[in-house]
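Start from the sequences and build out the full structure, keeping to the hints where you can.
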Amino acid sequence: MRAPAEVALSLGVVALGLGVAGVTATLPSEGGYAGIGPNFIPAVVAAGIIALGIWLAAEAFTGGWREAPEHEEVFQKNPFLWVSAGLFAHMALIAWAGFIVAGTVLFACVARGFGSRRLARDLAIAVVITLGIYLFFVKLLNVGLPAGWLAPVLGGAGI
Amino acid sequence: MDAFNALIAGFGVALQPMNLLWGLIGVTLGTFVGVLPGVGPALTVAMLLPLTVKLDPTGALIMFAGIYYGAMFGGSTTTILLNTPGESASIATALEGNKMAKAGRAGPALATSAIGSFVAGTIATVLLTLVAPIVVDLALKFGPAEYFALMVFAFITVAAVLGSSTVRGLTSLFLGLLFGLVGIDSQTGQQRFAFGVPELLDGVDVVVLAVGLFAVGEALYVAAYQSRITGTVEKLKGSLLMSAADWKRSWPAWLRATAIGFPFGTIPAGGSEIPTFLSYATEKKLTKHPEEFGKGAIEGVAGPEAANNAAATGVLVPLLTLGIPTSATAAILLGAFQNYGLQPGPLLFDAQKDLVWGLIASLYVGNVILLILNLPLIGVWVKVLQIPKDLLYAGILVFATLGAYSLHQSWIDLLTLYVFGVLGFAMRRWDIPVGPAVIGLILGPLAETQFRRALSISQGDASVFFTHPISASLLALTALLIIVPWLVRRFRSTSS
Chain D
291 MRAPAEVALS LGVVALGLGV AGVTATLPSE GGYAGIGPNF IPAVVAAGII ALGIWLAAEA
351 FTGGWREAPE HEEVFQKNPF LWVSAGLFAH MALIAWAGFI VAGTVLFACV ARGFGSRRLA
411 RDLAIAVVIT LGIYLFFVKL LNVGLPAGWL APVLGGAGI
Chain Y
156 MDAFNALIAG FGVALQPMNL LWGLIGVTLG TFVGVLPGVG PALTVAMLLP LTVKLDPTGA
216 LIMFAGIYYG AMFGGSTTTI LLNTPGESAS IATALEGNKM AKAGRAGPAL ATSAIGSFVA
276 GTIATVLLTL VAPIVVDLAL KFGPAEYFAL MVFAFITVAA VLGSSTVRGL TSLFLGLLFG
336 LVGIDSQTGQ QRFAFGVPEL LDGVDVVVLA VGLFAVGEAL YVAAYQSRIT GTVEKLKGSL
396 LMSAADWKRS WPAWLRATAI GFPFGTIPAG GSEIPTFLSY ATEKKLTKHP EEFGKGAIEG
456 VAGPEAANNA AATGVLVPLL TLGIPTSATA AILLGAFQNY GLQPGPLLFD AQKDLVWGLI
516 ASLYVGNVIL LILNLPLIGV WVKVLQIPKD LLYAGILVFA TLGAYSLHQS WIDLLTLYVF
576 GVLGFAMRRW DIPVGPAVIG LILGPLAETQ FRRALSISQG DASVFFTHPI SASLLALTAL
636 LIIVPWLVRR FRSTSS
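Here the protein sequences come in this chain order: D and Y.
Numbering-wise (this note's numbering), the first sequence opens with residue 291 and increments by one.
Numbering-wise (this note's numbering), the second sequence opens with residue 156 and increments by one.
Hint data in this document are derived by calculation from the structure and do not stem from the laboratory.
Just so you know, not all the hints are guaranteed correct.
Unchecked claim - Listing some non-contacts, in silico: residues in chain Y with all C-beta distances to chain D over 10 Å:
#1 L433
#2 L630
#3 V639
What the hints assert, rightly or not - Taking lysine to any residue and the SDA-like style, the derived pairs with C-alpha atoms no more than 25 Å apart in a straight line are:
#4 Y/K209 to D/A385
#5 Y/K257 to Y/F187
#6 Y/K209 to D/L425
#7 Y/K209 to D/R411
#8 Y/K209 to D/G438
#9 Y/K209 to D/F426
#10 D/K429 to Y/K209
#11 Y/K538 to D/K429
#12 Y/K508 to Y/L497
#13 D/K429 to Y/D211
#14 D/K429 to Y/P172
Quick caveat: nothing in here was measured; it's all calculated off a predicted structure.
No residue lacks a Cβ here, since even glycine has one placed at the ideal position from N, Cα and C.
Here is the structure:
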């Protein structure tokens, strides 16, 4: 077995296909004139995913996936985690702290993940960008974005 | 002459001040994102989709077309000046363009690609104007069985024939088809794969999938594997002007590339990767200066860049006339039409004459604006190229989350976005193409509808797909596309 990750992914695809098949079994099959119901295409998709998973697994067990490019770079955990942390913080903050605060935190985390060590600069740029976006979309295009903590300063939608 | 009159009327629409403004915003934005490494037209259109729901559809679609087009122009700047090509369609340009820039001939390289893109884009738009009405007439004869067969053909070419691996392309396609099933079945009202989550009842939105796969996935990938690598931007030295010899060598390359690129764009063969390489190979074969190839031959920039743009325009033929997207960007453009309750296809040419022809006319206008934007203003775009990676990706993710959040104002969409981001990261890492997934998501539900409609009409008799001549030949062609390459490989491996 040359590539454990490929084996794991292939088996994951098979498992996904089995899951889809399981859900499909709960769908009704009556379909009027066509003779096929809302479960027909899901069944085809489930069968396809299972078959592709088996095909991938067969390649993985016999020397690895075919025609895969060489991958030499090493996975760096910290940048990946910083970007992820930024996205989760944004998810948690946006509804109550507002778009500008959430966006600024996201911006700073991602920049940190990409190696920036200048927090003050990143925060300043982030506030300018998110404030610009907020004013443009909320005041000009009337797209709703949460003001959150800054609501007293920003006011409502529309100029 | 009908098409000619319609086009004149279309210019009337495209030249209205507001539409002209949207077109200008579109091509400027498109050039900007085309220049940015790591951001493509598919991503940009996807991010802007939810933010433009309140615009009038003609203006919004003109803007989206401008982004699509502008990104093609802008991409070449990055390819020539930076040593890492932004998108697969630019790899051929990078072979010669970056070498020219290293040799201090960045100016002529940028000029031949901008002028070549303009020439090819304009000729291809003329071809689009001429070909579209013919395809529309043909498409009016299509029933559900024919449409279904055509979609199967598009699925197979995009997923199985292109790309390095058939099985990985098909896996991506089937993931997209699965996401397309989520939500309420349009024919019976049955909930499928929604698990009672209200956000999922509407189905997986193309914005979340595309932005997740392209923006979040790309950011995670670059962070994890390349955050310490910096590209070197070549300096723009000397004159932008092409010498008489440059012109003489570029002209035939532009025209040949248009002839290669446009037809490849119109058939469902997945965009512009193949025609750019074909054009590069053609120029390499026909050149009188073979010794320059690999060291910065101007034909090697002129050809692929022109082919790229001709193919990009060609993609609009099946998109507008049949409603069949053949690249990820086209799939998202189709999503934009659907947002406005419009279904591209032969009927759209009748029902929304102004919109369709206004859009086509805007392509002519856009090409002219792009030529002006890209040559005299090249210095601005070079500056854009110098935005450091940390700020670039931070900014991309602010916009990416903005697009996803404004769909339903719900954090569930942001979570889905992250899940697709991790999926996109894994697909990028293990060389699974993401385009087929986006096409599967958009085209899958349409294919299912046509399939069930065809069977309803035939009272459940599945032979309709094989007794209708157009449908039968498309399915036969699809089967050949799978079997022939497989047989060839089989034959090669046994004989060696």
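Review point. Has the given pair, Y/K257 with Y/F187, been kept, meaning a C-alpha gap of at most 25 Å?
Key: With Cα atoms ~23 Å apart, Y/K257 and Y/F187 stay inside 25 Å; holds.
Review point. Hey, D/K429 versus Y/P172, does the alpha-carbon distance stay inside 25 Å?
Key: holds (22 Å)
Review point. Is the straight-line distance between the alpha-carbon of Y/K209 and that of D/R411 25 Å or less?
Key: With a Cα-Cα distance of about 35 Å, the restraint between Y/K209 and D/R411 is violated, given a limit of 25 Å.
Check your understanding: Regarding the pair Y/K209 and D/G438, is the alpha-carbon distance no greater than 25 Å?
Key -> With Cα atoms ~23 Å apart, Y/K209 and D/G438 stay inside 25 Å; holds.
Check your understanding: Given the proposed pairing of Y/K209 with D/L425, does the C-alpha separation stay at or below 25 Å?
Key -> At roughly 16 Å apart (the allowed maximum being 25 Å), D/L425 and Y/K209 satisfy the hint.
Check your understanding: Is the hinted pair Y/K538 and D/K429 satisfied, with a Cα-Cα distance of at most 25 Å?
Key -> Given pair Y/K538, D/K429 is violated - Cα atoms ~30 Å apart, limit 25 Å.
Review point. Taken at face value, is the distance from the CA of D/F426 to the CA of Y/K209 at most 25 Å?
Key: Given that 25 Å is the threshold and the Cα spacing comes to 14 Å, the pair holds.
Review point. Do the alpha carbons of Y/K508 and Y/L497 lie within 25 Å of each other, as the hint requires?
Key: Status holds; Cα separation ~12 Å.
Practice item. Assess, step by step, whether the Cα of D/K429 is no farther than 25 Å from the Cα of Y/K209, and give holds or violated. Key: holds (13 Å)
Check your understanding: Is the nearest Cβ of chain D still more than 10 Å from the Cβ of Y/V639?
Key -> holds (18 Å)
Point to revise | chain D versus Y/L630 - minimum CB to CB distance exceeding 10 Å, so not interface | key: Its Cβ never comes within 10 Å of chain D, the nearest being 15 Å, so this holds.
Check your understanding: Minimum Cβ separation between Y/L433 and chain D greater than 10 Å?
Key -> holds (20 Å)
The structure does not agree with the numbered hints 7 and 11 stated previously, though it agrees with the rest.
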